[in-house]
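Residues per chain, in single letters:
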Amino acid sequence: MRIVCPFCGERELGEYTYLGDAKPQRPAADAGEDAVYDYVYLRDNIAGVMSEHWYHGGGCRAWLKVTRNTLTHEISAVEPTAGAGAAKVGV
Amino acid sequence: MKYSIFSLARAALSGHKTWKPTWRDAAPKDRYDVVIIGGGGHGLATAWFLASEFGIRNVAVLEKGWIGSGNAGRNTTIIRSNYGLPGNTGFYELSMKLWERMEQDLNYNAMVSQRGVINLYHSDAQRDAFARRGNTMRINGIDADLLDQAALRKLMPFLNFDNARFPVQGGLLQRRGGTARHDAVVWGYAHAASELGVDIIQNCEVTGFVRDANGKVTGVETSRGKIGTGKVGMAVAGSSSRVAAMAGLRLPIESHVLQAFVSEAIKPLLPNVMTFGAGHFYVSQSDKGGLVFGGDIDGYNSYAQRGNLPVVEDVCEGGMALIPMIGRVRLLRQWGGIMDMSMDGSPIIDKSPVEGLYLNAGWCYGGFKATPGSGFVFAHLIAQDQSHKEAARFRLDRFRRGAMIDEKGQGAQPNLH
Numbered sequence: 001m002r003i004v005c006p007f008c009g010e011r012e013l014g015e016y017t018y019l020g021d022a023k024p025q026r027p028a029a030d031a032g033e034d035a036v037y038d039y040v041y042l043r044d045n046i047a048g049v050m051s052e053h054w055y056h057g058g059g060c061r062a063w064l065k066v067t068r069n070t071l072t073h074e075i076s077a078v079e080p081t082a083g084a085g086a087a088k089v090g091v
Numbered sequence: 001m002k003y004s005i006f007s008l009a010r011a012a013l014s015g016h017k018t019w020k021p022t023w024r025d026a027a028p029k030d031r032y033d034v035v036i037i038g039g040g041g042h043g044l045a046t047a048w049f050l051a052s053e054f055g056i057r058n059v060a061v062l063e064k065g066w067i068g069s070g071n072a073g074r075n076t077t078i079i080r081s082n083y084g085l086p087g088n089t090g091f092y093e094l095s096m097k098l099w100e101r102m103e104q105d106l107n108y109n110a111m112v113s114q115r116g117v118i119n120l121y122h123s124d125a126q127r128d129a130f131a132r133r134g135n136t137m138r139i140n141g142i143d144a145d146l147l148d149q150a151a152l153r154k155l156m157p158f159l160n161f162d163n164a165r166f167p168v169q170g171g172l173l174q175r176r177g178g179t180a181r182h183d184a185v186v187w188g189y190a191h192a193a194s195e196l197g198v199d200i201i202q203n204c205e206v207t208g209f210v211r212d213a214n215g216k217v218t219g220v221e222t223s224r225g226k227i228g229t230g231k232v233g234m235a236v237a238g239s240s241s242r243v244a245a246m247a248g249l250r251l252p253i254e255s256h257v258l259q260a261f262v263s264e265a266i267k268p269l270l271p272n273v274m275t276f277g278a279g280h281f282y283v284s285q286s287d288k289g290g291l292v293f294g295g296d297i298d299g300y301n302s303y304a305q306r307g308n309l310p311v312v313e314d315v316c317e318g319g320m321a322l323i324p325m326i327g328r329v330r331l332l333r334q335w336g337g338i339m340d341m342s343m344d345g346s347p348i349i350d351k352s353p354v355e356g357l358y359l360n361a362g363w364c365y366g367g368f369k370a371t372p373g374s375g376f377v378f379a380h381l382i383a384q385d386q387s388h389k390e391a392a393r394f395r396l397d398r399f400r401r402g403a404m405i406d407e408k409g410q411g412a413q414p415n416l417h
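Heads up: the protein sequence lines correspond to chains A and B, in order.
In terms of full-length UniProt numbering, the first sequence is residues 1 to 91.
In terms of full-length UniProt numbering, the second sequence is residues 1 to 417.
Simulated from the structure, these hints should not be mistaken for laboratory data.
Just so you know, these numbers come straight off a predicted model, no measurement behind them.
One or more of the hints may lead you astray.
[Stated by the list, open to error] For lysine-lysine, the following DSBU-like pairs were computed, each having C-alpha atoms within a straight-line distance of at most 35 angstroms:
(1) B:Lys-216 to B:Lys-64
(2) B:Lys-288 to B:Lys-29
(3) B:Lys-17 to B:Lys-216
(4) B:Lys-20 to B:Lys-216
(5) B:Lys-2 to B:Lys-389
(6) B:Lys-154 to B:Lys-97
(7) A:Lys-65 to B:Lys-408
(8) A:Lys-23 to B:Lys-216
(9) B:Lys-288 to B:Lys-97
(10) A:Lys-23 to B:Lys-408
(11) B:Lys-29 to B:Lys-64
(12) A:Lys-23 to B:Lys-64
(13) B:Lys-351 to B:Lys-226
(14) A:Lys-23 to B:Lys-351
(15) B:Lys-20 to B:Lys-226
So that you can see chain A by itself, here it is in the shape it has in the complex:
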């Protein structure tokens, strides 16, 4: 598995760090306990195409949103994202 960083080009996997599924969005501060529980602990754990956050720590240090198939490891899209923290609150 190699990831084509939009800034650095194709780089080996060891340069990247994985955060996980890009879908969970941090609930609003006044959201109930159920919403926080869901956000922190529950996962779709998709078998198939999944959008996820990777960090290019061994390169440009940018956060990336990678579209990848968890059954085959095939990567279909890589795009820059505003940082996992920002992305999770929908910025």
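Based on the hints, put chain B in the right spot on chain A.
Coordinates of chain B only, in the frame set by chain A:
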């Protein structure tokens, strides 16, 4: 049939032509008292304990491939009970005690070998942490010995004790830990369960749950037709989220890939199982002579049963750093399995929110050693509808309650456990 020295002699005299199949390959019936999904070690152990301990013999084990084709045949065969947190300590010791009598219970040679498991430490702080874990084990009646460097040098003189980054100061030894032949564990449970009337049904993939108007499970849809039952136990680690999704559940689990490796066979070298946590490497030597080793999970969600090269490099570097001479040994095979990584690194054995559906999931990369204990407490849960006392903390709602069992202290980031 019963295995003994006499059955072996009789079969030998007849040219080994009289052996019967170890277990019965059954076709599905319309209805069972209990259906277990997953014909791996945990599923088969559950079926055997249901039949032998809890008197429920009308049981089916459904396996989508062949028994033992998943993680039961992909692990590195290590057994141990050196856990430090309440919940884990007692449970894994229950499992260890069952390993110690498994072969007699099952009338099957699982090659359980209590050769000892050593966790190496490299600093004063790590020694103190290991001393604490060893003390936790000992006050719970589990054996543990803290070895200093001199004692370790006698056992394993070939270690790179003077490594500049991770000098080996000593190790925490559990002498009762060791290895077992993983395939034989599956075959042994299949053999003993089948003898008690359990139906083991292969090539039978569950495709959905049948539920009544109240949502209670009344059966399963499978690739070999519908099977009615009042109780379904799920033991499908790696695929727990996918099976649970058929019942409308989302779990606190991510599936990740873990790689394992075996070298060409060499003469006896390693007396124990040895873990080098600081360098992401652990190793033992199989009875065939191959060095069986591994390291960390790859770190990204995967259902692919294969990993990537950075971890191969990392694991081999760890091996070279600790035992420089293994650089001359050739790698024979390498493979991957799918780990049910839970949000705190500990398993879930509980009733699910769906009535009639029971969960056995979230084993992370530590499911093999738990096989007999998991089967026993899961059978207890299914038969009596309440948790066994040694599994009482492995509840599904512990995440909501903040009652995590997080040995590594990593929080809800499964790829770091």
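Violated hints - listed by number, lowest first: 2, 3, 4
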